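A.B. asks: Listed here are the chains, written in short residue letters.
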Amino acid sequence: MTEELDLMGQDSDGSSEEVVLTPAELIERLEQAWMNEKFAPELLESKSEIVECVMEQLEHMEENLRRVKKEDLKVSIHRMEMERIRYVLTSYLRCRLTKIEKFFPHVLEKEKTRPEGEPSSLSPEEFAFAKEYMASTDTYLKNVALKHMPPNLQKVDLLRSVPKPDLDSYVFLRVRERQENILVEPETDEQRDYVIDLEEGSQHLIRYKTIAPLVASGAVQLI
Amino acid sequence: MFCEKAMELVRELHRAPEGQLPAFNEDGLRQVLEEMKALYEQNQSDVNEAKSGGRSDLIPTIKFRHCSLLRNRRCTVAYLYDRLLRIRALRWEYGSVLPNALRFHMSAEEMEWFNHYKKSLATYMRSLGGDEGLDITQDMKPPKSLYIEVRCLKDYGEFEVDDGTSILLKKNSQHFLPRWKCEQLIRQGVLEHVLS
Numbered sequence: 001m002t003e004e005l006d007l008m009g010q011d012s013d014g015s016s017e018e019v020v021l022t023p024a025e026l027i028e029r030l031e032q033a034w035m036n037e038k039f040a041p042e043l044l045e046s047k048s049e050i051v052e053c054v055m056e057q058l059e060h061m062e063e064n065l066r067r068v069k070k071e072d073l074k075v076s077i078h079r080m081e082m083e084r085i086r087y088v089l090t091s092y093l094r095c096r097l098t099k100i101e102k103f104f105p106h107v108l109e110k111e112k113t114r115p116e117g118e119p120s121s122l123s124p125e126e127f128a129f130a131k132e133y134m135a136s137t138d139t140y141l142k143n144v145a146l147k148h149m150p151p152n153l154q155k156v157d158l159l160r161s162v163p164k165p166d167l168d169s170y171v172f173l174r175v176r177e178r179q180e181n182i183l184v185e186p187e188t189d190e191q192r193d194y195v196i197d198l199e200e201g202s203q204h205l206i207r208y209k210t211i212a213p214l215v216a217s218g219a220v221q222l223i
Numbered sequence: 001m002f003c004e005k006a007m008e009l010v011r012e013l014h015r016a017p018e019g020q021l022p023a024f025n026e027d028g029l030r031q032v033l034e035e036m037k038a039l040y041e042q043n044q045s046d047v048n049e050a051k052s053g054g055r056s057d058l059i060p061t062i063k064f065r066h067c068s069l070l071r072n073r074r075c076t077v078a079y080l081y082d083r084l085l086r087i088r089a090l091r092w093e094y095g096s097v098l099p100n101a102l103r104f105h106m107s108a109e110e111m112e113w114f115n116h117y118k119k120s121l122a123t124y125m126r127s128l129g130g131d132e133g134l135d136i137t138q139d140m141k142p143p144k145s146l147y148i149e150v151r152c153l154k155d156y157g158e159f160e161v162d163d164g165t166s167i168l169l170k171k172n173s174q175h176f177l178p179r180w181k182c183e184q185l186i187r188q189g190v191l192e193h194v195l196s
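Chains A and B, in that order, are what the protein sequence lines are.
Those letters in the first sequence? Residues 1 to 223, by full-length UniProt numbering.
Those letters in the second sequence? Residues 1 to 196, by full-length UniProt numbering.
If you're looking for bench data, these hints aren't it; they were derived computationally from the structure.
Source: prediction; values computed, not measured.
For glycine and all other residues, C-beta sits at the position ideal for the given N, C-alpha and C.
Warning: the hint list may mix true and false statements.
[Claimed, not checked] Restraint-style ranges between C-beta atoms, simulated for each label pair:
{"hint": "1", "chain 1": "B", "residue 1": "101", "chain 2": "A", "residue 2": "166", "range": "35 to 45 Å"}
{"hint": "2", "chain 1": "A", "residue 1": "194", "chain 2": "B", "residue 2": "19", "range": "40 to 50 Å"}
{"hint": "3", "chain 1": "B", "residue 1": "172", "chain 2": "A", "residue 2": "124", "range": "47 to 57 Å"}
{"hint": "4", "chain 1": "A", "residue 1": "174", "chain 2": "B", "residue 2": "161", "range": "40 to 50 Å"}
{"hint": "5", "chain 1": "B", "residue 1": "115", "chain 2": "A", "residue 2": "124", "range": "21 to 31 Å"}
{"hint": "6", "chain 1": "B", "residue 1": "30", "chain 2": "A", "residue 2": "194", "range": "50 to 60 Å"}
{"hint": "7", "chain 1": "B", "residue 1": "92", "chain 2": "A", "residue 2": "109", "range": "18 to 28 Å"}
[Said to hold, decoys possible] Computed list of lysine to aspartate or glutamate pairs in DMTMM-like fashion (alpha-carbon distance at most 20 Å, straight line):
{"hint": "8", "chain 1": "B", "residue 1": "171", "chain 2": "B", "residue 2": "160"}
{"hint": "9", "chain 1": "B", "residue 1": "141", "chain 2": "A", "residue 2": "83"}
{"hint": "10", "chain 1": "A", "residue 1": "142", "chain 2": "B", "residue 2": "35"}
{"hint": "11", "chain 1": "B", "residue 1": "118", "chain 2": "B", "residue 2": "132"}
{"hint": "12", "chain 1": "A", "residue 1": "99", "chain 2": "B", "residue 2": "82"}
{"hint": "13", "chain 1": "A", "residue 1": "147", "chain 2": "B", "residue 2": "34"}
{"hint": "14", "chain 1": "A", "residue 1": "209", "chain 2": "A", "residue 2": "199"}
{"hint": "15", "chain 1": "A", "residue 1": "147", "chain 2": "B", "residue 2": "109"}
{"hint": "16", "chain 1": "A", "residue 1": "131", "chain 2": "B", "residue 2": "112"}
{"hint": "17", "chain 1": "B", "residue 1": "144", "chain 2": "A", "residue 2": "81"}
{"hint": "18", "chain 1": "B", "residue 1": "181", "chain 2": "B", "residue 2": "158"}
{"hint": "19", "chain 1": "A", "residue 1": "155", "chain 2": "B", "residue 2": "82"}
{"hint": "20", "chain 1": "A", "residue 1": "110", "chain 2": "A", "residue 2": "45"}
{"hint": "21", "chain 1": "B", "residue 1": "181", "chain 2": "A", "residue 2": "72"}
{"hint": "22", "chain 1": "B", "residue 1": "181", "chain 2": "A", "residue 2": "59"}
Pulled out of the complex, with its shape left as it was, chain B reads as follows (with noise of 0.2 Å):
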């Protein structure tokens, strides 16, 4: 039937949790682009009869046809769309720097899109006045207290605390640092935050 491939696509993203971006499924596009342009010649040809050969049985099959393209790029373009958004939540969680095993699921020009869409935000962050403008990235929760406890999940080295003084974070030690110089440490996996 037509349209599987399409749908395989889709129902890809739909099994994959929210946040988890499954790899490009390149052969996958390309079979439903391929379709697209079968289903399209066919359609053409068809047309050409119909108009020239008086041939107006073959309407219904011409527009079976053009249902099932513009089906086949719904599901294409809800594809592409849903991993952009995916790939648009990995910059709120991960940071500017993608972890090496989510790169390798995404495109090229995926990645371009990502490189675009970090520009972008780093202008409007550094827009928003002071120096060196606001980092909307942090501050996602609510402040409970000031100073909270960590233990170092990995070996990190020398981090710089306000006064002046350095603190050597190795794996396993655990410190009470203040909440806002933790919080990106924590987001990239190398501090936990203690809930005693």
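The shape of chain A in the complex, shown without the other chains (with noise of 0.2 Å):
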């Protein structure tokens, strides 16, 4: 398997630069994607790009396997690959709707009210997902109780109701590029905040709304 994939990267100024993988470094990406929305409290931004090329690999080794003739061992490892490839994805997939469906009109009030040129934690179909879902509890709870309710009780404000993600819960993580002066924040009156630096391969346990912006950039790798 040493064809190359093409993975399409947007820079900020709205140019493509493309980035050419290897199918070996697309699935580390996929696995480092997975495991940072498994530890991330919060919904991260969408990796549509990742899951359009696993799904394009997971098809091409489905056919060259229907192709070959049925030497047992050959084929069975390469699927097994595709099961755990298959794994990996549907588990990232899964995480991700289910963080969509447990905040969802957080996740639908950040998407709403996202600047211009900032990245979106949602893809198109988990956008329409999202609001599908939104509209379908939204009329429920209206049509079995809130309209049976005194008028002045009828509306539930759900983005007070529903709780947020918890963005001050402590994850771990491994740094990879080294970073500066991190300013974090103190948890209780008593403590001042103080800067730290973060060395290249060193490992930490810090709270999540400190390093939320290198999770996004990829200098830190959730673990």
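Could you fit the two chains together into a complex? Lean on the hints.
C.D. replies: Right under this line is the structure:
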């Protein structure tokens, strides 16, 4: 499997740059996105390009296997690899859907107020799913209970009732690119904020909120 | 005391272990809504009295009833929402077709919500690429081996394997089959993974 895959990247001023990945690199990127998504308390940036490329890769592998004769060992090993990749991919997508359903009003609000140029945390299909979920839940609550309640109580603000993701939760991470002068805010009033440097290769247990932008940029990997 | 019925609804769900869906308590819900109506009407007349008759001593009672109304609403919405979450879990556990026993525990509106959810999920999965998309309700556990030993728990009939041959799944027969083909049947309770 020495074919290379094109991964379309976009930088901030809108021009496309093509990044060519080997299949091994693609799977590594998938696993990194998967781990980040599993351990981050909030929904991370949507990585549709990786999902699409992995799906293509799986199709290629399936086609290749169909053309080859049933020599058990090679076919079995490739099938195992396909199953593992499929597991990681479906686990990644399930993790995202779970977060979308859990925090649905906040996810939709964030998308609504997203500044231009900032990447979306929802793929177009996830956005459609989230909107449908919100609409159907809203309609259900209205029809079954709220419309039978006194007039001044019929509106429920879902943004206030549904809990937000806890960005103060602690996460483990490994540093990929050295970072300097990260400001750590105090948790209690007695502490003061202080500044730390993150050495490449070091591992830390830290509040998610402090390093959220570093996860997005790829400078750290959640573990 | 006010809000007793609403608390009972919440307690009913709290007692049900995770994944279980007790029958929809239509009666209980109706009683809570009736209590809310009564409280509201009492408050309406007291508010008028307080404004026109200068009865400001009624204000604490009005506030108290308002708090009860808010509590009733909160308990009701919590009850309904928690049930929706349990119903959502059923789609992931049992697939698109729910066992009859569970369907009887759902109200018509809950069934409608379930159908909408199913449809949204199916549309999303289909959009994931390829001819038929990707069924993300499969592959729930990391794969340990390619083929697994399974025992048939019920008579299922003919089952086709990849190379075209079919296998007859009769009760108590054991087979050595590819894992990905069996996953759905294991979840439905037709096959059982034999761990020797």
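A.B. asks: Any of the earlier hints contradicted here, and which numbers?
C.D. replies: Of the numbered hints given earlier, the structure breaks none, since each of them holds.
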